[in-house]
Amino acid sequence: MAEAAESPGDPGTATPRPLMRDLKAVGKKFMHVLYPRKSNTLLRDWDLWGPLILCVTLALMLQRGSVDSEKDGGPQFAEVFVIVWFGAVTITLNSKLLGGNISFFQSLCVLGYCILPLTVAMLVCRLVLLAEPGPINFMVRLFVVIVMFAWSIVASTAFLADSQPPNRKALAVYPVFLFYFVISWMILTFTPQ
Amino acid sequence: MAAADELAFHEFEEATNLLAQTPNEATPRGDQLVPQQHVAVAVDSGGSYGAEDEVEESDKTALLQEEKQQPGFWTFSYYQSFFDVDTSQVLDRIKGSLLPRPGHNFVRHHLRNRPDLYGPFWICATLAFVLAVTGNLTLVLAQRRDPSIHYSPQFHKVTVAGTAIYCYAWLVPLALWGFLQWRKGVRERMGPYTFLETVCVYGYSLFVFLPTVVLWLIPVPWLQWLSGALALALSAAGLVFTLWPVVREDTRLAAVLLLSVVVLLHALLATGCKFYFFQPLPLEPAAPPHQATSQPPTVLLSPPPPRSAAA
Numbered sequence: 798m799a800e801a802a803e804s805p806g807d808p809g810t811a812t813p814r815p816l817m818r819d820l821k822a823v824g825k826k827f828m829h830v831l832y833p834r835k836s837n838t839l840l841r842d843w844d845l846w847g848p849l850i851l852c853v854t855l856a857l858m859l860q861r862g863s864v865d866s867e868k869d870g871g872p873q874f875a876e877v878f879v880i881v882w883f884g885a886v887t888i889t890l891n892s893k894l895l896g897g898n899i900s901f902f903q904s905l906c907v908l909g910y911c912i913l914p915l916t917v918a919m920l921v922c923r924l925v926l927l928a929e930p931g932p933i934n935f936m937v938r939l940f941v942v943i944v945m946f947a948w949s950i951v952a953s954t955a956f957l958a959d960s961q962p963p964n965r966k967a968l969a970v971y972p973v974f975l976f977y978f979v980i981s982w983m984i985l986t987f988t989p990q
Numbered sequence: 042m043a044a045a046d047e048l049a050f051h052e053f054e055e056a057t058n059l060l061a062q063t064p065n066e067a068t069p070r071g072d073q074l075v076p077q078q079h080v081a082v083a084v085d086s087g088g089s090y091g092a093e094d095e096v097e098e099s100d101k102t103a104l105l106q107e108e109k110q111q112p113g114f115w116t117f118s119y120y121q122s123f124f125d126v127d128t129s130q131v132l133d134r135i136k137g138s139l140l141p142r143p144g145h146n147f148v149r150h151h152l153r154n155r156p157d158l159y160g161p162f163w164i165c166a167t168l169a170f171v172l173a174v175t176g177n178l179t180l181v182l183a184q185r186r187d188p189s190i191h192y193s194p195q196f197h198k199v200t201v202a203g204t205a206i207y208c209y210a211w212l213v214p215l216a217l218w219g220f221l222q223w224r225k226g227v228r229e230r231m232g233p234y235t236f237l238e239t240v241c242v243y244g245y246s247l248f249v250f251l252p253t254v255v256l257w258l259i260p261v262p263w264l265q266w267l268s269g270a271l272a273l274a275l276s277a278a279g280l281v282f283t284l285w286p287v288v289r290e291d292t293r294l295a296a297v298l299l300l301s302v303v304v305l306l307h308a309l310l311a312t313g314c315k316f317y318f319f320q321p322l323p324l325e326p327a328a329p330p331h332q333a334t335s336q337p338p339t340v341l342l343s344p345p346p347p348r349s350a351a352a
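Protein chains in written order, with my numbering: chain A, 798 to 990; chain B, 42 to 352.
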């Protein structure tokens, strides 16, 4: 499976990669994020499909109707996209500059997949917002977002922290914390029309 | 010339300290402070040794540059050299910026000719996000006091905050560095700081605003002004103490002018952030709660002025 994925340009084997196999690989990585263990699956067979799906889902759910004024509202689709990808690239560059031995795309893959808990939190928040507004509504959303934020941090740190030299781990993990904090803030402040 | 020998001995110690460059030496550095301070006192009291000190400084820096073998700016390892810091070093630099002391020059004492870009970059990023988030939280607090204020996430303020903070933290050091380079001819004893060292000083000096911005959430006006003034004093003091050895030899007018412009720009940044990002709390609730909920909240195109102004 891995070797076919690594040699797509080989003219001899003209078989297209089956879609189901890729979807299964993405699904398997989702499971690894939800139940973080010390496995190398995310790092070894990285792919960026999962992060793309998650980012598009999150950006679509965070989008408000165009009725609201552009100036004061929440982030637009393009803004969410830019924040997620630009943020992930910046964190990856940061960890490489600090001397980490993780590859560029592996790091993007891990950071993108670990948005999954926050995407779940966004789904839950949207469902909760259908109910009666009020302080209980807000407390439930706050609790869910905090739990998922912690889950994202734990999942990504489990994968990323090992690749850093030991006296710089905190320096590499702090931007990850900031990144997921900003995404959690966007989710928490989402107010529907 | 026993005094010159004494100086030479201390210079040798300082050179070995700089060449050692081992990561976890936070505590040993404290012990090695004493000879450095002796050197500083001796040089200050004897003006004739100034030229000697300059020669030895340039020898030391030449030695360090040979050691480093600067790669070209198009290679990755060139930029990696600016991130060559450990957690303990970053924490030490932050502590140094929080507690400025008159004798201690931030660049010589904490940076030790190894400026980093990690601190300035991430402190600015954190400050931009914290400003936007706490500013939005004050809007929440204002809305609870006066329900006619319309809450919105105001996400565009993140962009504004980011642009403002990064422009300040990178363009002002550029201007300052340019000015100091221009006045370089006047100075004999101490070379000007490199651009990265100036950026570092400014970046770390912005750290003290992080807890201040969070404290500005408390809607007590005198506390807000007090904490703002305290943060500004600490931050500006750090900048002034760092710049003083460099501008001291310049004409009195130029020195005073430069330092007051630096402090003024810092004050402008602090007050500008306070007024732009933070929603002032309305003085009293605008209407009893049951009347407010019967009216649908109006969708406004821009945040309204606080109700207290009209009252």
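Take these hints with a grain of salt, some might be off.
With a straight-line Cα cutoff of 35 Å, these simulated DSBU-like cross-link-like pairs (lysine-lysine) come out [stated by the list, open to error]: (1) Lys136/B / Lys893/A; (2) Lys315/B / Lys136/B; (3) Lys966/A / Lys825/A; (4) Lys966/A / Lys225/B; (5) Lys893/A / Lys825/A; (6) Lys315/B / Lys966/A; (7) Lys198/B / Lys136/B; (8) Lys966/A / Lys198/B; (9) Lys893/A / Lys198/B; (10) Lys821/A / Lys893/A; (11) Lys315/B / Lys198/B; (12) Lys225/B / Lys136/B; (13) Lys893/A / Lys966/A; (14) Lys821/A / Lys966/A.
No lab work stands behind these hints: they were computed from the structure.
Do the hints match the structure? See the list:
no.: 1; hint: Lys136/B / Lys893/A; result: 26 Å, holds
no.: 2; hint: Lys315/B / Lys136/B; result: 24 Å, holds
no.: 3; hint: Lys966/A / Lys825/A; result: 27 Å, holds
no.: 4; hint: Lys966/A / Lys225/B; result: 40 Å, violated
no.: 5; hint: Lys893/A / Lys825/A; result: 27 Å, holds
no.: 6; hint: Lys315/B / Lys966/A; result: 34 Å, holds
no.: 7; hint: Lys198/B / Lys136/B; result: 29 Å, holds
no.: 8; hint: Lys966/A / Lys198/B; result: 31 Å, holds
no.: 9; hint: Lys893/A / Lys198/B; result: 30 Å, holds
no.: 10; hint: Lys821/A / Lys893/A; result: 30 Å, holds
no.: 11; hint: Lys315/B / Lys198/B; result: 13 Å, holds
no.: 12; hint: Lys225/B / Lys136/B; result: 30 Å, holds
no.: 13; hint: Lys893/A / Lys966/A; result: 12 Å, holds
no.: 14; hint: Lys821/A / Lys966/A; result: 32 Å, holds
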